[in-house]
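Novice: Spelled out, the chains give:
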Amino acid sequence: MGIEQKTGNMGVVTVGLEQVVNWARTNAMWPMLFGLACCAIEMMSAQAAHNDMSRFGMELMRASPRQSDLMIVAGRVSRKMAPVLRRLYDQLPDPKWVISMGDCASCSGVFNNYALLQGVDEVVPVDVYVAGCPPRPEALIHGIITLQDKVRHEKLNTWI
Amino acid sequence: MDEPLEVNYKELQHLVSERALKGETVLLNMGPQHPSTHGVLRLLLELDGEVIINCVPDIGFLHTGIEKNMEAKRWELAEVMTDRTDYLNNTGNNLAYCLAIEKLTELDVPPKAQAVRVMLVELERISNHLVWLGTHALDLAAMSLFLYCFRERESILDIKELCSGQRMMTTYFRPGGLWRDLPDEFEIAVRRFIRMMPDRIKEYEALLTKNPIWMDRTRNIGKISAENAINMSLTGPVLRGSGVAYDVRKMQPYSGYEQYDFMIPTGTHGDVYDRYLVRMEEMRQSLRIIQQALDKLPYGPWRSNNRKYVPPPRAELGTSMEAVIHHFKLWTEGFNVPKGAVYLPVESPKGELGYYVESNGGNQPYRVHMRTPSFVHLQALPLLCKGHLVADLVGIIGSVDIVLGDCDR
Amino acid sequence: MSEEHLKTTLKALKDRYGLRESELMNYPPTLICEPDKIVQVSQALRDEFEFNFLCELTAVDYWPEEEPRFNLVYGYYSHAQNVRMAIRVPLNGDDPSIHTIEGVYKGANWHEREVWDMFGIKFEGHSDLRRILMPYDWEGHPLRKDYPLGYEEPQFTFNFDEIDKRKHHGRYEEA
Numbered sequence: 001m002g003i004e005q006k007t008g009n010m011g012v013v014t015v016g017l018e019q020v021v022n023w024a025r026t027n028a029m030w031p032m033l034f035g036l037a038c039c040a041i042e043m044m045s046a047q048a049a050h051n052d053m054s055r056f057g058m059e060l061m062r063a064s065p066r067q068s069d070l071m072i073v074a075g076r077v078s079r080k081m082a083p084v085l086r087r088l089y090d091q092l093p094d095p096k097w098v099i100s101m102g103d104c105a106s107c108s109g110v111f112n113n114y115a116l117l118q119g120v121d122e123v124v125p126v127d128v129y130v131a132g133c134p135p136r137p138e139a140l141i142h143g144i145i146t147l148q149d150k151v152r153h154e155k156l157n158t159w160i
Numbered sequence: 161m162d163e164p165l166e167v168n169y170k171e172l173q174h175l176v177s178e179r180a181l182k183g184e185t186v187l188l189n190m191g192p193q194h195p196s197t198h199g200v201l202r203l204l205l206e207l208d209g210e211v212i213i214n215c216v217p218d219i220g221f222l223h224t225g226i227e228k229n230m231e232a233k234r235w236e237l238a239e240v241m242t243d244r245t246d247y248l249n250n251t252g253n254n255l256a257y258c259l260a261i262e263k264l265t266e267l268d269v270p271p272k273a274q275a276v277r278v279m280l281v282e283l284e285r286i287s288n289h290l291v292w293l294g295t296h297a298l299d300l301a302a303m304s305l306f307l308y309c310f311r312e313r314e315s316i317l318d319i320k321e322l323c324s325g326q327r328m329m330t331t332y333f334r335p336g337g338l339w340r341d342l343p344d345e346f347e348i349a350v351r352r353f354i355r356m357m358p359d360r361i362k363e364y365e366a367l368l369t370k371n372p373i374w375m376d377r378t379r380n381i382g383k384i385s386a387e388n389a390i391n392m393s394l395t396g397p398v399l400r401g402s403g404v405a406y407d408v409r410k411m412q413p414y415s416g417y418e419q420y421d422f423m424i425p426t427g428t429h430g431d432v433y434d435r436y437l438v439r440m441e442e443m444r445q446s447l448r449i450i451q452q453a454l455d456k457l458p459y460g461p462w463r464s465n466n467r468k469y470v471p472p473p474r475a476e477l478g479t480s481m482e483a484v485i486h487h488f489k490l491w492t493e494g495f496n497v498p499k500g501a502v503y504l505p506v507e508s509p510k511g512e513l514g515y516y517v518e519s520n521g522g523n524q525p526y527r528v529h530m531r532t533p534s535f536v537h538l539q540a541l542p543l544l545c546k547g548h549l550v551a552d553l554v555g556i557i558g559s560v561d562i563v564l565g566d567c568d569r
Numbered sequence: 570m571s572e573e574h575l576k577t578t579l580k581a582l583k584d585r586y587g588l589r590e591s592e593l594m595n596y597p598p599t600l601i602c603e604p605d606k607i608v609q610v611s612q613a614l615r616d617e618f619e620f621n622f623l624c625e626l627t628a629v630d631y632w633p634e635e636e637p638r639f640n641l642v643y644g645y646y647s648h649a650q651n652v653r654m655a656i657r658v659p660l661n662g663d664d665p666s667i668h669t670i671e672g673v674y675k676g677a678n679w680h681e682r683e684v685w686d687m688f689g690i691k692f693e694g695h696s697d698l699r700r701i702l703m704p705y706d707w708e709g710h711p712l713r714k715d716y717p718l719g720y721e722e723p724q725f726t727f728n729f730d731e732i733d734k735r736k737h738h739g740r741y742e743e744a
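Those protein sequences? They're chains A, B and C, same order as listed. Residue numbers for the first sequence follow my numbering, beginning at 1 and rising by one. Residue numbers for the second sequence follow my numbering, beginning at 161 and rising by one. Residue numbers for the third sequence follow my numbering, beginning at 570 and rising by one.
Everything labelled a hint here was simulated from the structure, so no lab data went into it. Keep in mind that this is a model prediction, so the values were computed, not measured.
Okay, derived cross-link-like pairs now, DSS-like style, lysine-lysine, Cα gap no bigger than 27 Å in a straight line:
no., chain 1, residue 1, chain 2, residue 2
1, B, Lys499, C, Lys583
2, B, Lys499, C, Lys576
3, C, Lys714, B, Lys233
4, B, Lys499, C, Lys580
One side only, chain B facing chain A, incomplete, derived with CB under 8 Å:
no., residue
5, Pro192
6, Gln193
7, His223
8, Arg244
9, Phe306
10, Phe310
11, Arg327
12, Met328
13, Gly565
Glycine included, every Cβ here is placed at the ideal spot set by N, Cα and C.
Using the sequences and the hints given, assemble the complete structure.
Specialist: See the structure below:
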């Protein structure tokens, strides 16, 4: 069973272009290291051995934005950090996605004051919000699977 | 959002030497997003080739305005924010805040609550040192240790989850004692942890302590003498690595620490290697304290009975009118702390954590200032890294053990 | 023995510089000092009385009281004798400034920068007085009591649009 049966004698598989491209994009999405605060520790826990994010394709975290395609904003973003965040987002090559991890990134969480951005969607467009303070590693993995579902259903005309 | 602000070197001219302005040395920005700076820390390095001449730290990228925000909340609601300053030492911050309130209000804390507080704070110390070891080793390219340390840390987080329901930001300590009683599985889980942990520490030491690569990368790097360290207000393992045996748990014991028997490890040279040895030994001493506290765990109530500050148990609400009134007052207005100010130091895994709490008699904190060790230790970074290479700087930052939430608040 | 050292220190400071005890703060024992004497007091504490460790430097704002508006709090610790004490310095509200103690304790450097950033208290003679926690071009001193908290107002259905217009978004481009 499997792909050998479908290829037949000629070794050819027919499938829609959207499906192949989306499958490639979801299963090898490399996040950029953008851990800011407490949620970064839970992100590191999610990458470590107990809950392993490598199973879902996120084998490594690249430090350079030019070599990654997912930005997990983990932690609170202060007003001094906001231009840096936007600059890093602009440096990510297309196609790019953003997961806003934790309450502080989604809506500034416990802190409603002068020093923080009230939600990271003031500066970057967000695809998936993961709630929690900090979200459990399982919650982050659920967020990643939701993002993978979203990417799997993307259409051709949204790529341009 | 407008254009990001460009900072001219004119404003920083007094910090860099003459040679940089003429172009002989290179000014390099080790920016807020960097895999080895343990958070959002920006360093402006002045390099002569690869040798660091000067290093100017630039913080504030994680400033959350916690001190101002606590002034707008009530006393018990503001405790939630203390977890999130030093996010690797949640119970330690909670403990310092609760002790400060108990000092101002002269609340009594029952002995069982004190023993449980000590146990959870020591578990937190081990958890903090595990994260330190994992990230420090990862920066110096011993990657497998990262996975081992986080595996041990999961056991500690499970114990915290047993007590309070939350893995990290527990807010388990309240003024007067604990939030709720210990569950039955707590003792079994902690005993299993104490049995397993010494062998794991031996594993880590077998990987690193006599390793020639590790010793080359950490010996004679980042030295600081004892007098310089005291003048720069350094505390914690950084000061102990230079030979000064200063530990707030022994000098000004709080929460029942005087009953437990433990040692304070010190180093001799004050370099990165000594600080590593000091922290490894501290993990063992913490296990000793937890063992003693668990063996001597007394029976009794887990929170004070003073109904002015502590809500009554739900069962009492059906029978007593005063209980209903206390419950109502505490839930709508919160308790009032008498007028006064106090500075309370506590030994966090990184150094001396001090809470300056001032009250004007109301139900909101008038001023809370956290004297955090990371803020003070970062001032000493230019002193520590003069004359070393950029690769050594990574080891030095790791050995000082800063957490930017602690530094910027 | 360390309690005696603390008592002799407090008595000597009270006699020599005319300081008085504070009723507000008792733990650690605190004295109130005038702004122009703080450098001499710190020097004496470090050299004569073995208080070689500065553990705390912060400020409190008592707005709307104008005199004194600020109270600076200095905390000291002696390694040899294992005692703590603190000193409070009252400052007025209009253009507050005080001499730096960076020459006595090097560790006061960033503490004073933070007090300048958060409260606007100038430290004369400081080597590098710039903002440390807030962005470089921020106006105002956040921890003063007349500075607003800056929270985001909750938007309900009846006032959603009017609050939305006041917010600072990427979504609303000027047409």
